[in-house]
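S.K.: Please construct the entire structure, taking both the sequences and the accompanying hints into account.
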Amino acid sequence: MKTPKKVITRLLLNNWGGISHQVMELHEYVNLFSGMSGSGKSTVMDAIQVLLYGSLSQSFLNKAADERNRRTVMTYLKGAQKDGTANREGQDFCSNLVMEIQDLADDTYRCVGVCFEVRREERDLSRYSFFSHEGKMDGSFYRDEDGNPLRLKQMSALVKSHQKDPSGKLKGEDLNRMYPTNDAYQNALYGPVFGEIDGRRFTVMEKSAVALKMSNGVGQFIRDYMFPKSTSQAIEKISRQLGDYRDIRDTVADLEKRIGLLEEVRRLDGELAKARTDVVRGEYRLKLLKILGIRGEMERLEAEGQDLLLQENEVRSQRESLKEALNESQEAVVELRSRLKSSDYGKIREQLESLKETEGLLEKNQGAWNHVLEGLSRWEENEEVYGLVGNRALQAMEDVRCQKVTAQVLEELKQGLEETLDEVNAERDNLVQERREKTSALKEKEERLSDWKQGQKSYRHRKGLKEAQRALEQALFRETGRQVPVTILADAFDIRDSQWREAIEGRLGRVKYGLITPPEYASWAARLFGDMKEFENVDLFHVGRILEDEPQALSGSLYEAAEAGEEYVDGCLKHFLGRIMKCRNVEELETVKDGVTQDCYSYSNYTLRHLPARDCVQNACIGRTISKGKIRQLEEEIRLHKEELSGLEKRIRALDEARAYERISREVSEYLNLFEAGRELESNRKRQKGLEEELDRLEQAGALNALKEELAKAQKAYEEKEEAYGAAGARLSQIQARMAVNSAALEGQKRQLQEESGGVRSNEAEDQAIEECLKEKSLSAVRAAESSELEQARAREQKALEGRLEARLKFNRTYPSCGLTGAEETGAPYEELYKRYRRQYVEDYKEQFDRKCREVYASLRDNVIASIHGDIKAAYRQVREVNQVLGATSFYDSVYKIGITPASNENRQFYDMLMAPELDSKVVREEDMEGQISLGDDEFQRKYQQEIDLLVEKFIPSRTEDEIEAARRRAQMEQYADYRNYLTFNMYEVTVDEDGREKRIAVDEMAGNDSGGEGQNPKYAALFAGFALLYAQQYHRESRIRLVLLDEAFSKMDKTRSSVCLDYARKLGLQVIICVPDERLMTLMKNVDCVYGFRRRRNQISMMMIDKGRYLEMLRGEDDGDKAGEKDRDEAGEKSGEMGQDRKEG
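Position one of the sequence shown corresponds to residue 3 (the numbering used here), numbered consecutively onward.
Rather than coming from a laboratory, the hints here were simulated on the basis of the structure.
A few of these clues could be false.
Unchecked claim - Here are the simulated EDC-like cross-link-like pairs (lysine to aspartate or glutamate), alpha carbons at most 16 Å apart as the crow flies: (1) K231 - E976; (2) K468 - D541; (3) K1110 - E27.
M.R.: Here is the structure:
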């Protein structure tokens, strides 16, 4: 019986690229395609790949070629060339690709292929079908009698002729069929045709081999291709239990969280109760100390009251004695005063006192008259008012100053001043009105100056104009999605001739405040502005309609004095100014229909008028920019305006002062009395002088002096006794006041004692404790200590109360469905919930959760951990098998071996658990996983509990995950279920030193240090080993395909290294197809079994099987000496040169 493997024996190409018809025979082992670049090697390789992958995708076509020259199946079918032509352009045709496969185990054949039908106008493939049939290639090589490739219908009939059941009842099981889809073909190809291989892995490895790069390193290549991902269904098995586990775990966790929150509430309830007990005890102690203090204070007040009563009685008796002596002294003083008063001296003294009183009244009236005179003089001193005073009033004031005061003079002065006051009020009202107008004008100019300095024009006198501009801009942006400019006409142009500025400002008037937009947005603006009814004082010009009229400007019109920046603004100026003529005088004005002079005299519509100054000057605003000269001019105007306002304020203040001047507003008789007071005062003072001289004369007599001395002594004695009597009375009042305070304090203490004692139950233990404390410390010290302890207790109570409220609110926020608020008076509702949750936790869920944990643990251990354990062990075993072959093969001067070590990433923490010896006796293969015995090793669980819990968390799903999160979690689970993620793969170069010790160097670490050939050696060794593992027959007895495709192979390896690699492929039983350029042919010729030489001529690809025997005869003698070797190589070089010359001719 032959070796159990399948090989490709023949390949047929009909109408593929530059090949019209070709049948190629392939060897069981090494097949070599040789030719220069563009000779057609990749064309055949791509045809093979189409059949191997069952796909028309361009992603794998011509992988070794320039990425910018990407080919497609359609370009191959039409025979597209680099010059833009195509062999089968503009015609209908069919194409066939067929591959013949021989099973060496039973010498049977099968063919797989694809049939295309292409229409001349088609750009995309729509009519094609993959097929397969038993037996060798058809003798017609899939061509009809005319030599054309078979069509789909013809191919279907041919395939059907191979069927064992032509009725088609066994179509799904028969390989003689046309496949409706690419997937159906791939299932058959990778199944019975190729011998049940991993199609996905096969496709990836073949594509990688065709354009071998290994950009991620040899170690990553070994991991991805030599050790496939496990197909274990462990994730599905454990996922069925993780949902239930998650639910019960979440329920238990929720219960534990509820219990934990309620335990915190209970703890704080206990702290609150203890703190409240301490507060009650402290309050009782302080109340008791307060009562004791009140009693002590009452005893002190009673003793003080008795002492004050004795003092009161003593002071009363002293005061009565002083009263009798005071009465006697008063009688003596009265008697002496009567004697003195009855004399001449007394009478004169009375008269003198009366005159002095009269003098004071007269002096007051004289001062009032002087004040009147001073007030009258202000009318003449105030320059602003003086001009308003009439002549009659001035003459009367002159008479008053000259002491010519009569009733008639005062009446004339009063009337004159009243008339003057009326004049003052009228003048003030005029000035106030003028100030109001100037203030308003100044404010407007200051606002205009502020806007100008900020680069903006002031349109404050046009209310709503700027708002309308912004509103219309925003509406246009929302409507069109673009920033459409909305401009005030005055801002859109300049006046080039300043002599006509005022005329243009005045003639435009309201027009210059109108809004304009670019003409293309005029209709949009008109529609949107129609809804803005709040801007009734703002105009919008339809620029589009204005430009449609194509306005023209007359020569000599105001248009010539203006200059616009935008074309549509220029059209508006022609419309508004183009018919208004510039006139130098009235005579010219009469000769035109519409015109204006420089001094703003206007004629229009048969009407002559002077343009308003407010339009021409005050509100001038035309110009795209504001000049510095205009700003300086406005600043000067504001300065002069402020000076005028200051003068007005001064005049108004002067008039306001005049309104308060003296104007003889009372009765004239009063003013006459004030005037006469001066004369009477002089007479009074003369009389006083005479009386004072008479008193001096009387005082010189001796009898009167003796009487006055006696009266003074008696008066002094009376005053002393009166002072003593008053002091006694004051002392008595003090004592009585103290007695009243004492009595009130005593009554207050009694009431307080009654209030404090009411409702207090005696506590003998606390009372005795207080008594003991008072024996050692004072009442105040004990009270201070107890107050401090009470404050601390209250602080603990408040803290516990706040903590309990926070704990309650935390529970209620977390579980609002319980219906609690946190303001409950007692903790009974929380205590009831706590007991219920504890009962549910213990009785309902804890045992169930423990049981579910054991189930999940067992499932994880048996289905995941054990599976990964078995896969890792199998990987180590496969490495040993591959290394046996690698170790027996010396790649020139190198020996390579594959190595597996524990991963150095975060998965390293699980490696010891996955490789635990407790798992060895229980590991079974995937096929026997169902019904396997549980490991049940408590020692294993205790030893690796932490790792198991962590792994469970990696696998457990979220309750609220969506499709994206589920996919992400699934990918994470697959990563942790993939045994390769717990290992690090590498290839080592093995050397033995002089002492026989084996030394290993990682190939990936040598990258960049080795030569090109040394760097490629391990890559091909790993590649061939990967294919060997892919095609391994460890669990499947059916023979398999063992194909490897290589493009531009061994490009940097010398002859010896290439030979070793090919020998290694033979040892592994691989069928290899290699594409190389002609210069590599001589190097590889000895080690290949079949050679095809490719040539391209006139857009046609031809190929020839090279006679290896003749070719090697040219190379014989290579080892017989340098000279003979050189001769043989020269002959071989001549042969290769002839082949190269043929290529050039083609």
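S.K.: So if I understand the rule, the pair passes when the alpha-carbon distance is 16 Å or less; does K231 with E976 pass?
M.R.: holds, 10 Å
S.K.: Given the hinted pair K468 and D541, is their Cα-Cα distance within 16 Å?
M.R.: Within the cut-off at roughly 12 Å; holds.
S.K.: Within a Cα-Cα threshold of 16 Å, do K1110 and E27 meet the stated pairing?
M.R.: holds, 14 Å
Violated hints: none; the structure is consistent with every hint.
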